[in-house]
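Between the sequences and the hints, there should be enough to build the whole structure, so can you do that?
These protein sequences, in sequence, are chains H and U. Residue numbering for the first sequence follows numbering that gives the first Met the number 0, starting at 0 and increasing by one per position. Residue numbering for the second sequence follows numbering that gives the first Met the number 0, starting at 0 and increasing by one per position.
Since the hints were made in silico from the structure, they are not lab data. Misleading hints may appear alongside valid ones.
With beta-carbon atoms standing in for the labels, derived distance ranges [unchecked claim]:
#1 U:ARG257 - H:ARG62: 51 to 57 Å
#2 U:ARG220 - H:LEU65: 58 to 64 Å
#3 H:ARG26 - U:VAL300: 39 to 45 Å
#4 U:ASP83 - H:ARG62: 41 to 47 Å
#5 U:ARG146 - H:SER338: 41 to 47 Å
#6 U:GLU229 - H:ARG70: 49 to 55 Å
#7 U:ALA214 - H:GLU160: 36 to 42 Å
Just a few of them, taken from the derived set where beta-carbon distance is under 10 Å, the chain H residues facing chain U [stated by the list, open to error]:
#8 LEU157
#9 ASP227
#10 PRO228
#11 TYR308
#12 LEU309
None of the values given here were measured: they were computed from a predicted structure. Glycine residues also receive a C-beta, built at the ideal position from the N, C-alpha and C atoms.
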Amino acid sequence: MASNSRAGSGVAAGSVIASGYNAAVTRPRCVAITGLNTFVGQRLAERLLAAPDAPRVIGVDLRRPLRLEGRISFRRVDLTHPTADSELASVLADERVDALVHLAFRSSPTADREYDHELETIGSLHAMHACSAAKVARLVLASSTMLYGPRATNPNFLDEEQPLRGHEHGHCIQNRVEAEQLLAEWSPRHPDVEVCVLRHCWVMGPRYVDHVTRYLERPVVPVVLGYDPLLQFVHEDDLLRVFEKATLEHAVGVFNVVGRGVLPLSTLLALAGKRALPLPGPLLYRLADYPAQGQTGDRPSAFFDYLRYLWVADGERGWHAFGEPTYSTKEAWISFVSSRRLRRFR
Amino acid sequence: MSDTEIEWVQGAGEDDELEVLHLALRDLRREIRQRTGGEESPPGISRASEPAAVAEEFDWLAAFEELRRRAGNFGMVERSAEVDEFGMDAHTLQRSRMLLDFLMDRYFRVDVFGLDEVDPQVPNLLVANHSGLLPYDGLMLSHAVERWHPERRRPRFLVADWLITLPFAQPTLARLGGVRACRENADRLLRRGHSVIAFPEGAKGAAKVFAERYALKRFGRGGVIRAAVENRVPLVPVGIVGAEESHPILFKAYTPARMVGLPFLPVTPTFPFLGPLGLLPLPTKWIVNVGEPIPLDDLEVGALDDELLLSRLTEELRGCIQDLVDDALERRESVW
Chain H
0 MASNSRAGSG
10 VAAGSVIASG
20 YNAAVTRPRC
30 VAITGLNTFV
40 GQRLAERLLA
50 APDAPRVIGV
60 DLRRPLRLEG
70 RISFRRVDLT
80 HPTADSELAS
90 VLADERVDAL
100 VHLAFRSSPT
110 ADREYDHELE
120 TIGSLHAMHA
130 CSAAKVARLV
140 LASSTMLYGP
150 RATNPNFLDE
160 EQPLRGHEHG
170 HCIQNRVEAE
180 QLLAEWSPRH
190 PDVEVCVLRH
200 CWVMGPRYVD
210 HVTRYLERPV
220 VPVVLGYDPL
230 LQFVHEDDLL
240 RVFEKATLEH
250 AVGVFNVVGR
260 GVLPLSTLLA
270 LAGKRALPLP
280 GPLLYRLADY
290 PAQGQTGDRP
300 SAFFDYLRYL
310 WVADGERGWH
320 AFGEPTYSTK
330 EAWISFVSSR
340 RLRRFR
Chain U
0 MSDTEIEWVQ
10 GAGEDDELEV
20 LHLALRDLRR
30 EIRQRTGGEE
40 SPPGISRASE
50 PAAVAEEFDW
60 LAAFEELRRR
70 AGNFGMVERS
80 AEVDEFGMDA
90 HTLQRSRMLL
100 DFLMDRYFRV
110 DVFGLDEVDP
120 QVPNLLVANH
130 SGLLPYDGLM
140 LSHAVERWHP
150 ERRRPRFLVA
160 DWLITLPFAQ
170 PTLARLGGVR
180 ACRENADRLL
190 RRGHSVIAFP
200 EGAKGAAKVF
210 AERYALKRFG
220 RGGVIRAAVE
230 NRVPLVPVGI
240 VGAEESHPIL
250 FKAYTPARMV
260 GLPFLPVTPT
270 FPFLGPLGLL
280 PLPTKWIVNV
290 GEPIPLDDLE
300 VGALDDELLL
310 SRLTEELRGC
320 IQDLVDDALE
330 RRESVW
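Right under this line is the structure:
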């Protein structure tokens with residue numbers, strides 16, 4: 000697979016994306032969201048529409064959401080389709096879209112590795128091509144600080160200029176690293192499109208669900224013996240606020256979206272009253288190997304290395320551009336834990 | 000959270016949330032009643048005789064719960080709910096203060112010279128010779144500076160990769176103020192106003208064999224000088240004597256080390272033979288000799304593009320620390 004061959008190379012996307020300030024862009028009058036069915040997609044659409052001078056919102060996805068706000072016009076485009084770029088471009092041109100928010104990524108890796116690659120990497124490429132073809136002024140891409148990769152030799156704070164080293168065994172992470180590489184190649188060729196990449200860390204909150212929250216929800220959490228990395232979280236409200244601001248304003252470049260403060264994993268678990276089950280690394284990886292192979296096709300290290308090594312991102316640039324986050328890492332964690340505690344009574 | 004967001008939540012299931020809260024409250028009430036023993040006896044009757052009888056019995060349930068809690072925390076010292084951004088834990092430090100004081104006053108009997116020349120109000124970059132395998136030198140130096148500092152500010156010591164990547168080392172060292180040695184971390188610490196202790200000899204210094212003791216190895220690639228000049232902080236040379244003999248490495252074994260993935264296996268008079276007990280340092284007499292701070296204010300940042308100047312400055316710094324070490328060696332009467 001291409002992801003493996005590119006694993007070590009990495010890009011410093013922060014320095015490559017060089018779209019200038021596009022003075023012609025005012026507040027977007029029409030926003031398209033690819034991946035309407037995602038957590039961010041649905042709520043971002045509702046937030047955008049709630050403002051007094053709300054833009055029109057076009058939702059693009061594979062399936063119509065079960066609960067669709069009346070003012071969102073839904074268009075069905077399959078990003079894995081070979082001609083998805085022209086389909087999406089015609090949608091964007093028809094509706095005269097000013098800003099595209101590309102969110103069509105997996106929240107958790109799945110067993111269908113090939114489809115994941117088509118959706119995440121090639122789907123992003125289609126979205127970029129559609130943007131330049133339909134003269135969209137602004138592209139907001141969702142990314143993750145997981146792409147920096149967990150390494151024992153990381154500096155304590157990874158800023159946006161650090162190379163994206165990903166994780167060689169996590170196929171979804173490699174897909175997104177590739178997507179960012181493609182963006183870094185595409186962006187200088189299309190300086191008329193403003194690009195904003197939002198790399199967010201693990202999200203915590205009452206409603207957000209992915210494989211991380213499912214793992215940390217358990218009363219007994221297996222951890223790697225002898226390692227206690229510092230972790231950081233961002234609260235879902237802060238995440239949505241940042242996405243909203245990034246869509247409506249002129250932020251250009253790459254931003255880490257993280258909460259303030261860091262806490263060691265053991266302290267997080269102690270705060271939540273959960274029990275850590277420390278297992279020696281080789282044993283834990285062996286035990287987790289079969290379920291992980293079944294669920295995602297990835298080695299267990301693709302997840303457990305993130306509970307082992309440091310991968311804390313420096314959020315200074317994001318805080319400066321989008322404002323102070325309301326929740327710190329600890330508050331986001333407490334919000335997550337207390338909501339899950341209530342849920343247990345249901 | 001904006002107004003619309005709240006509306007959305009309420010719209011989704013206001014009654015649902017309320018019901019859950021009621022259920023939680025009911026369970027809480029029931030639990031309180033059970034704990035106070037109110038369920039069996041009606042509220043009017045006094046239960047004065049009961050508690051005395053209960054106190055006689057050993058509370059197995061509580062003991063079991065306590066045991067389980069401790070087992071859950073196994074290998075971790077008690078911690079606070081806040082750490083600073085590099086993972087230093089004030090609570091852990093407070094708890095280990097007695098041990099550090101003991102090591103400093105009784106075990107190593109550290110004598111500190113020349114610390115009064117240092118300006119406590121600015122962040123300093125302390126540069127010391129590295130020795131003795133485990134980072135006792137960093138711990139002792141940071142403890143010495145903290146005790147001397149009027150505001151008890153603790154400098155952070157930088158730890159080489161090979162040590163901080165080992166299991167158990169990273170959580171422990173991070174809580175005590177150790178930070179992985181790299182330029183990004185040093186710059187960030189200095190910018191935030193923390194003093195930093197660097198060992199530019201790196202792993203080469205810690206792994207010196209006994210025959211090479213107190214002969215300083217090459218100093219990195221000038222990163223210390225760059226960090227000091229770019230962050231406008233004074234360089235403070237420090238010579239540490241005594242750490243070398245606390246873990247005298249007789250020779251390094253490579254073949255068994257390769258099997259467990261270590262760079263080398265140090266053989267000291269005690270280490271592999273006494274097992275983990277051999278990791279205890281020998282109680283040598285230590286001297287920490289702090290030199291006069293070297294101001295680098297007159298140096299422009301651009302001047303360091305001249306590589307020859309950079310290497311000359313680095314070499315001067317090394318000579319300066321070597322002098323401090325030699326001076327301390329002369330002062331010391333005995334190894335013990």
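To see whether the hints hold, each was checked on the structure:
For the hinted restraint 51 to 57 Å between ARG257 of chain U and ARG62 of chain H, the CB-CB distance of approximately 54 Å keeps it satisfied. Separation of ARG220 of chain U from LEU65 of chain H is about 59 Å and conforms to the stated range, judged on CB atoms against 58 to 64 Å. With their beta carbons about 41 Å apart, ARG26 of chain H and VAL300 of chain U fall inside the hinted range of 39 to 45 Å. Range check, ASP83 of chain U to ARG62 of chain H: Cβ separation about 46 Å, and the 41 to 47 Å hint holds.
Restraint check, ARG146 of chain U to SER338 of chain H: a C-beta distance of roughly 45 Å satisfies the suggested window 41 to 47 Å. Our hint of 49 to 55 Å for GLU229 of chain U and ARG70 of chain H holds, since their Cβ atoms are close to 53 Å apart. At roughly 39 Å, the beta-carbon separation of ALA214 of chain U and GLU160 of chain H lies within the given 36 to 42 Å, and the hint holds. Residue-level restraint check for LEU157 of chain H holds (minimum Cβ-Cβ distance to chain U is 8 Å; threshold 10 Å).
Hint status for ASP227 of chain H: holds, given a least beta-carbon distance of 4 Å to chain U, under 10 Å. Among the interface hints, the one on PRO228 of chain H holds; its C-beta lies about 8 Å from the nearest C-beta in chain U, closer than the 10 Å criterion. Evaluation of the TYR308 of chain H hint against chain U yields a held restraint, the C-beta minimum of about 8 Å falling below 10 Å. Interface hint at LEU309 of chain H: satisfied, since its Cβ lies 8 Å from the closest Cβ of chain U, which is below the 10 Å cut-off.
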